[in-house]
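Work from the hints to combine the two standalone chains into their complex.
Top line first, the protein sequences correspond to chains A and B.
With our numbering applied, the first sequence corresponds to residues 1 to 633, in that order.
With our numbering applied, the second sequence corresponds to residues 1 to 459, in that order.
There may be inaccurate statements among the hints.
Claimed, not checked - Restricting the straight-line Cα-Cα distance to at most 20 Å, the calculated cross-link-like pairs of lysine-lysine (PhoX-like) are:
1. B/K345 - B/K428
2. B/K354 - B/K413
3. B/K413 - A/K594
4. B/K354 - A/K27
5. B/K21 - B/K86
6. A/K26 - B/K354
7. A/K161 - A/K26
8. A/K605 - B/K345
By construction, these hints were calculated from the structure, which means they are not laboratory data.
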Amino acid sequence: MKIEQLVPLILLLPLLGGLINGVLGKKLPKKVVGSLATAVMFIAFGIALNVFFQLHDSVRIDLFTIIRLDSFSLNARFLVDDLSIWMTLIVTGIGSLIHLFSMGYMSHDEGYYKFFTYLNLFIFAMLILILGSNYFMLFFGWEGVGICSYLLIGFHYSDEKKGLLNSIAARKAFVMNRIGDLGLLIGLFLILSTFGTLEYNEVAAKLTELSPSNWMLFGITICLFIGATGKSAQIPLFTWLPDAMAGPTPVSALIHAATMVTAGIFLVVRSNFLFETPGAQLTQDIMLYIGLATSLVAAFIAMRQNDIKKVLAYSTVSQLGFIFVALGMGAYTAAIFHVTTHAFFKALLFLGSGSVIHAMSDEQDIRQMGGLKKFIPITHLTFLIGTLAISGFPLLSGFFSKDEILAHALHHNAFIYGALAFSALLTAIYMFRLYFVVFHGEFRGSDHVKSHLHESPLNMTFPLIVLAVLSVVGGALNIPGSHWFSHFLNHNVTGLDKVAELHVDNSSLITLMVTASVLTIVALIGAYSSYVMKKQLPVSDDKITGWAKLSANKLYFDEIYDVLFVKPIELISKLSHQLIEVLFLNNVVLGVAKSIGRTGDLVKKIQTGRTEWYLLWMVFGIIGLVVYYLVKI
Amino acid sequence: MDALIVIFLSGLISLFIAFAKKPVLVLLTSTVGLLIAIALFIAQWNNPVTLFSYEGLEFTNTALLYSIAASIFALFSILIGYNSYKKQPEHTGEYIGLLMFSLVGAVCMLAFTDMFMFFLGLEILSLPIYVLAGTNKKDLRSSEASLKYFLMGAFATGVLLFGIAWTYGATGTFKIQEIGDFIYNNQNTGIAHSSILYVGVLLIMASFLFKVGAAPFHFWSPDVYEGSPNEVTGFMAAVVKLGAFGAFMKIFGIAFPDLHAFWAPALVIVALITIFLGNLSALNQIHFKRLLAYSSITHVGYALLAVLTLSSNSIENLWIYLFGYGFSIIALVAIAKLLNDDEDKISAFKGLAKRNPFLATVAVLALLSLAGVPPLIGFFGKYLVFADAFTQYPLIVIIALANSGIGIYYYLKTVINIFQKEEIEESKIEVPAIHIVVLSICAIAILVGGLVLSQYKLL
Numbered sequence: 001m002k003i004e005q006l007v008p009l010i011l012l013l014p015l016l017g018g019l020i021n022g023v024l025g026k027k028l029p030k031k032v033v034g035s036l037a038t039a040v041m042f043i044a045f046g047i048a049l050n051v052f053f054q055l056h057d058s059v060r061i062d063l064f065t066i067i068r069l070d071s072f073s074l075n076a077r078f079l080v081d082d083l084s085i086w087m088t089l090i091v092t093g094i095g096s097l098i099h100l101f102s103m104g105y106m107s108h109d110e111g112y113y114k115f116f117t118y119l120n121l122f123i124f125a126m127l128i129l130i131l132g133s134n135y136f137m138l139f140f141g142w143e144g145v146g147i148c149s150y151l152l153i154g155f156h157y158s159d160e161k162k163g164l165l166n167s168i169a170a171r172k173a174f175v176m177n178r179i180g181d182l183g184l185l186i187g188l189f190l191i192l193s194t195f196g197t198l199e200y201n202e203v204a205a206k207l208t209e210l211s212p213s214n215w216m217l218f219g220i221t222i223c224l225f226i227g228a229t230g231k232s233a234q235i236p237l238f239t240w241l242p243d244a245m246a247g248p249t250p251v252s253a254l255i256h257a258a259t260m261v262t263a264g265i266f267l268v269v270r271s272n273f274l275f276e277t278p279g280a281q282l283t284q285d286i287m288l289y290i291g292l293a294t295s296l297v298a299a300f301i302a303m304r305q306n307d308i309k310k311v312l313a314y315s316t317v318s319q320l321g322f323i324f325v326a327l328g329m330g331a332y333t334a335a336i337f338h339v340t341t342h343a344f345f346k347a348l349l350f351l352g353s354g355s356v357i358h359a360m361s362d363e364q365d366i367r368q369m370g371g372l373k374k375f376i377p378i379t380h381l382t383f384l385i386g387t388l389a390i391s392g393f394p395l396l397s398g399f400f401s402k403d404e405i406l407a408h409a410l411h412h413n414a415f416i417y418g419a420l421a422f423s424a425l426l427t428a429i430y431m432f433r434l435y436f437v438v439f440h441g442e443f444r445g446s447d448h449v450k451s452h453l454h455e456s457p458l459n460m461t462f463p464l465i466v467l468a469v470l471s472v473v474g475g476a477l478n479i480p481g482s483h484w485f486s487h488f489l490n491h492n493v494t495g496l497d498k499v500a501e502l503h504v505d506n507s508s509l510i511t512l513m514v515t516a517s518v519l520t521i522v523a524l525i526g527a528y529s530s531y532v533m534k535k536q537l538p539v540s541d542d543k544i545t546g547w548a549k550l551s552a553n554k555l556y557f558d559e560i561y562d563v564l565f566v567k568p569i570e571l572i573s574k575l576s577h578q579l580i581e582v583l584f585l586n587n588v589v590l591g592v593a594k595s596i597g598r599t600g601d602l603v604k605k606i607q608t609g610r611t612e613w614y615l616l617w618m619v620f621g622i623i624g625l626v627v628y629y630l631v632k633i
Numbered sequence: 001m002d003a004l005i006v007i008f009l010s011g012l013i014s015l016f017i018a019f020a021k022k023p024v025l026v027l028l029t030s031t032v033g034l035l036i037a038i039a040l041f042i043a044q045w046n047n048p049v050t051l052f053s054y055e056g057l058e059f060t061n062t063a064l065l066y067s068i069a070a071s072i073f074a075l076f077s078i079l080i081g082y083n084s085y086k087k088q089p090e091h092t093g094e095y096i097g098l099l100m101f102s103l104v105g106a107v108c109m110l111a112f113t114d115m116f117m118f119f120l121g122l123e124i125l126s127l128p129i130y131v132l133a134g135t136n137k138k139d140l141r142s143s144e145a146s147l148k149y150f151l152m153g154a155f156a157t158g159v160l161l162f163g164i165a166w167t168y169g170a171t172g173t174f175k176i177q178e179i180g181d182f183i184y185n186n187q188n189t190g191i192a193h194s195s196i197l198y199v200g201v202l203l204i205m206a207s208f209l210f211k212v213g214a215a216p217f218h219f220w221s222p223d224v225y226e227g228s229p230n231e232v233t234g235f236m237a238a239v240v241k242l243g244a245f246g247a248f249m250k251i252f253g254i255a256f257p258d259l260h261a262f263w264a265p266a267l268v269i270v271a272l273i274t275i276f277l278g279n280l281s282a283l284n285q286i287h288f289k290r291l292l293a294y295s296s297i298t299h300v301g302y303a304l305l306a307v308l309t310l311s312s313n314s315i316e317n318l319w320i321y322l323f324g325y326g327f328s329i330i331a332l333v334a335i336a337k338l339l340n341d342d343e344d345k346i347s348a349f350k351g352l353a354k355r356n357p358f359l360a361t362v363a364v365l366a367l368l369s370l371a372g373v374p375p376l377i378g379f380f381g382k383y384l385v386f387a388d389a390f391t392q393y394p395l396i397v398i399i400a401l402a403n404s405g406i407g408i409y410y411y412l413k414t415v416i417n418i419f420q421k422e423e424i425e426e427s428k429i430e431v432p433a434i435h436i437v438v439l440s441i442c443a444i445a446i447l448v449g450g451l452v453l454s455q456y457k458l459l
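The following block holds chain B by itself, in its conformation from the complex (with noise of 0.2 Å):
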């Protein structure tokens, strides 16, 4: 809890600081504000603390552990995007405190312990979310982007409260657990199968699904993810994500497991259309956020099987997946943006390799942990995701690996290019010391992480 209000207030204090114009300032406060909301978060280990006479938010392990990763996620991308904020030095504040204040909405998100809370975190975390995928002003792709998220937003948002409503209206509760405990009770009844709570379910996923970028609701994700600065697509892959995940994972987890057997066929579909759309858009791609977009969705798609299977481990391997996939896309962004290409292209990353053998390599670990390759964080949080899944849903699992045969043509791709040899000399690629140190930290993270986190069962 303190935690929430460190990082609250450190974004609100960064956007005061941001008025003596030294960006420096801005990004010190951010960073030690988001270092000790993360020291805080692992203080809270094992002690879970309620928040508000209703308890409205409960900091459990499992909202911990989705915490300290999107704060470190948070973190890189504020990190990332300082070279470009330093030359708009006005508006460093805005960006910086936009940021945090979008993560307290996905720690919000993680934490809730009843429809309202949750409803508010969403809606803490995308407003901010619209405005700065619009920050590129001189560039009209990232208006674009700003005013389409904005719109499908805002279409998603009211199809969520309708779907809330819904559920209030079957089961008389906004909290998850009564909600859970509810149609638990009323099994063997008619109440607990009412077609209010059934659509009310379904809008409820409808949402969740736009939010993740799910087929068919994920139509602005490329757009928005090519739009928007770097930075931002990093973050909005790696925190919005494990916010909306993390949400997704406990509403169905608690609230309507017993309906499992209702929702589930439903989401399979879902999965399925989710992971060959994504696969077959990417395979031609020529821009690299785009590319990285389309992959989101497939691994969207993957991550979806972790809801489905809802076993005793499934949101933990669901972390491990998020937690990997971050890392990897948060480096790869920080990469392209260094390569300074305007036009976004895949083949901007050629003759990486002997223009700059570092970023190069972190980008070849990067893509062969998101393609899936051992011994790398992806790899182990694909396999824990799918050999969990494999007993209850055996075909789809094998869908899935064959769909991880095709991902590769594409991660390879861009691999194949870095080692290219490019056909204009071009310049040496400065790397600043904040993305040397950050890139290493995910290469180090991509490397060792899987190997470590699966030796531990933190939940």
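So here's chain A without its partners, still in its complex pose (with noise of 0.2 Å):
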């Protein structure tokens, strides 16, 4: 079949096995339900390597109008290019190994139907985000994700213990997203306002025949930038993502690791035409040094979190924050390469955890864990992969692309990639601390828990040995010297062609790598004498001091977003209750209600149900006809 066809059905199938869970998984057995939406992410992904491998130019796949107006139009359109159907490979591949886990960890869930159909749509909104030909799909999307991710956050809404936490923990997301989503909107209104048009390749091809002001690009692209702040978690909208790990875990790995937050991550590359006008120069600066802060500042309080989802939450922030420090510097392929790799390592990562909180009965605090490597063999070598790739061990994937970004960082100033290789080292450190913590030493559990010590069935393991394996060799893809994906990427994405590659000679590319291994074998050591050798332990809230009072205490951002936004927005509220709400509208708009409603009554009055006078009332309307006649002549 042809690419035409074949697209359409890589984004119905999730639609569809979520409308079928959707409107019949109550009844179908949980089998029917968790395959039926497993099959469908496989069958997409088999179907999305078929288009990779048929794929030459970038094709244009016309739907159907949404609107059409005498000025402009909105078309469910999709432009299928390099960087989309390589997202779509992402997205499905990592997809349908996580809807397998799902299969397994959430065995046990009453909402399993709910659960699967939420996956689903999620899926096809994010596979309408990246797969739409303008910026419209791409909002449709970006907005279906936001939901769907909402609805998956506090999917535990009504657990005893954690459910209101899990509801507000879901809120905190939503609302933090849609400070987001209204950069973007605002953005996006921008862009239809200069251009008129909203397709990528119409606005990138009328920013030469414009030419609209500096001031204009610089707008347009904040808000981009803004709008991506929210979803792909930086500062100042961050805080959400760690909250986020209240959903269940294959939800942590999908979407709060492998897809979603890279939403913003491919908004910024989608519209990279924008974002390398002169314009847009400060738009870059400001992202260049947000990511940095943002990588640093996660990477400093994951540290000292002992939640072993937290841990993996901020190190996804970090990592994000790595990202966009790339794209400030214009190194779009290096970032999408940092996002491949991180898709493979931080899904391994998360299941992995998944893993390990399914065989501790529910228990995510690393101070209870120790010593699961005999209990849960193949979890803990799979993990310890993902650490080593997240690490940057050398040769493992996390290598390479971290590697890449470093050179561009380099290159750039030499102060940004100091900062950048420190956060890398962070990085390394609180992942081995993570893994030497849980995985050695001696269990600290309860004997309870350790009697249901149990290896996960394989269709748990499974996904986490194609990740492992991913993990490994992923780095291959853009090896220096061979460079293929970012050949790759150039190839036919509008406007990469036009940035310039990064020429890296190959002394300096050795001192580089060299610096990055040994950075990381450091950080090795270190995590080893201090958790394995000397037995170290993270210790309880109130007895730690100093700096790692401020990493267990995230860096107070909570607090202080608490006394900077909700308080003075509370004091607001109570405010404009009492002005508005109170004094106007419950005199005025009630009053206007109530004066409606009591007219009604009177009105009713009329209603005699007395046939005289209903007779009479036509005569007085004929009546009124022939006055009206009269005066009429």
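What follows is the structure in structure tokens.
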């Protein structure tokens, strides 16, 4: 079949899976629900692979027109090029593995069918976001992804102990994302008013033709970037992502590590032609420093977190910051390359942590763990691979992708390089800390938990193994010397072909790699000596002091936001409640409503139920008409 | 034309078959008859047939379109009423026969070419309805409805005849086309502006306003809607309105378009009063069918805008409006009947979403369509009529839109009831198979009808 037919099929499959499970799932047995949801994902991935191998030039697929106005029209149109098909492969590929994992992980859950419905719909929305050929489709997918994420974070909203917390986390994610969404929306309106179209290629073409002012370009790009900070969890909107760990672990793996959080990055890469204009120079710099700050802050916070998923969450934020630094330097292919490898090892780590939590009877505190390598060997081995990959251990995938960004940084500015390398060092330290505390030493949990320790079933370990293999070899995609991936992306994606590639000479390449390797190994040794040889353990929160206290308390970001934004807004709300609601609305608006209601009561009284009155009214009516005639003549 | 005979004959045969005391046979006869009639109507498309040596009836596409809609709604009314007819097998024949005869009248009212045939059609339509309103013999309200409707109908008929007579006196003809030509040809002379003609136009208009239920001639409708059996209410709201509006449009569009400047301001006033009165009265209703009655009055006010506009699209817009309205109203009366609440309270809908999700879904769709929520058919009807009227009557369209806002309040009040928890545990509701079929068709029509119909230009 042709690409034109295959791509709609990729979109249709998860939608269909979601709809069938959503409508009939309650009555179907769990096996059918899970298999259906997983099967559509694997088939979609297969089709995406097929498209990937067929694709040479970018292809546009028109489905239908949503709204047609005189000046412009909104089209359900799809753009298949190397960028979108690559992202599709990541989303469907990792998505299918996570679906498979969830079949085991969620097997005891009551909302099984709901979970798979949301998961399928999420993939559908994400694919729309990626494959759309205009900002409108992107926005549609963007919002769809947001709502699915909201539903999934608060999935256990009725849980007795944590239900309320889960709901609050979901709400926080939603509100934070809304702030970003507003930025995106304003950006879209600015694009529409400037260029008169939302199609990517038309905007790119009109860019030279219309040459909008630098201020306008700055406005557009900064708005798009604000949108990206929401979805991709950058300062100042990153606080929702760690809280989003309230969702079931496969969700954290899929949404909050591998796919949804890359939406903001995708947006920037897609709009690279806008970000490469002179007007957007400032935006790029802002992006660079925000990314850098996010990367450092999140890595710092991750140092002293004791919840296995929180550590991974902050590491995600930190890695995303890394990627934004790359974007700020215009290193789009390096960014997407790191997105790819990060998707591999972060999905692996999250699923691994899911497997750990599953084995630990839903315990997430690493202080209760320890010595798990004996009990869950496959999980242990794959988790180790993931840890090594994210820490940038030589020759694993994270090593190459991070290295590329570091090379760009070095070329750009030595300070940025130093800060990034420091962030990478922190990453290695907290990841090894996590690994050693969880898997080495003595088991510290209760005997009850210990008796239940078990390796996960095959449908959970299989995804781990696949992802572990990918995390090991993923770096080969863009190995220095071939740079297959960069050539691949630059080949037919609008704008990217114009971005100059960075050429690093061999000597500095080797210096870079050696430095990175040394840093990682130093972190490894340091963590080993303190957590395995000296058997240091994370202590309870009230005993820590100094920088560790800052880290454990997440740099007091939530508290600062509370004082800076939440409290003032609450104050304003209270004021406006008193002024607008009580004084104005209650009297004026409700007054109008009440008076309409009262008029209604009065009018009702005309309806006496007596025929003579009705006839009289009719006579009045006719007399009225005759009077009208007399007046009119 | 053949279709008219088929409807009449199947009504007649139904009467006789009823002697067998087998309601299902009667139902079958009438259903088959109506389906054949609809098929024949469709077969006549683009092939106007005139009847009688003096051309009393003419089946143009407009007449066919309205007739098809009327036949569909008549069929639905018969189908959803079947369960209650079954309980009194000795009267099934009369129920169904009278409904069919009334439909014959409606078709005559849509296809007439002269006032004489129009008057006959109106009477054939009305007389069976007076009887049907009273068929719930054990319920006093039903008898009251019947008598009230009859008395007021008789009065309106008198007014209509008076109006026709005056018009005849002024123009010397019954044929609406000739009346139109007469006025057009004498536009600049006094003959076309005589008092006789003007008063005649106003009197005809008054009787139409009575038939469609516009203020201040609407008082019968809440009482009659409430008292009549639900399926008859559905028939009145869907079929009678189609017939009356079709004829209204025809007479004022063909015979009196050149007097538009004269009668339009009066109709504007009437439309405004009707919209406000219907809405305000509906606000605090606790009885569901009365709510529907007042909402229908409001809808009449909106539909009058199409008559006022008289553009080339008005006939089709009005048709889409009434077509969508019919599906909603028939679905709602059918559901209200199934709730089996003698007092006909809106609160009887409480907990419907739990008790029967299917009925709840259809009810919500129908209510939202009445409220005019896109992309349901009710939205398209309203949109088309309002958009068409906007250039001529911007202010009135704005007022109508504001009133749509008020309307949402009472439609949503019912919707809220549907999703509310019921206070008393009630058993699940049994939905007969016929109802499932009819309600499903209604739901689908409400959902996609507007999207589909707005794509085509039928007339």
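State the violated hints by number, sorted upward, taking the hints as numbered earlier in the document. Number 7 - this is the single hint that the structure violates.
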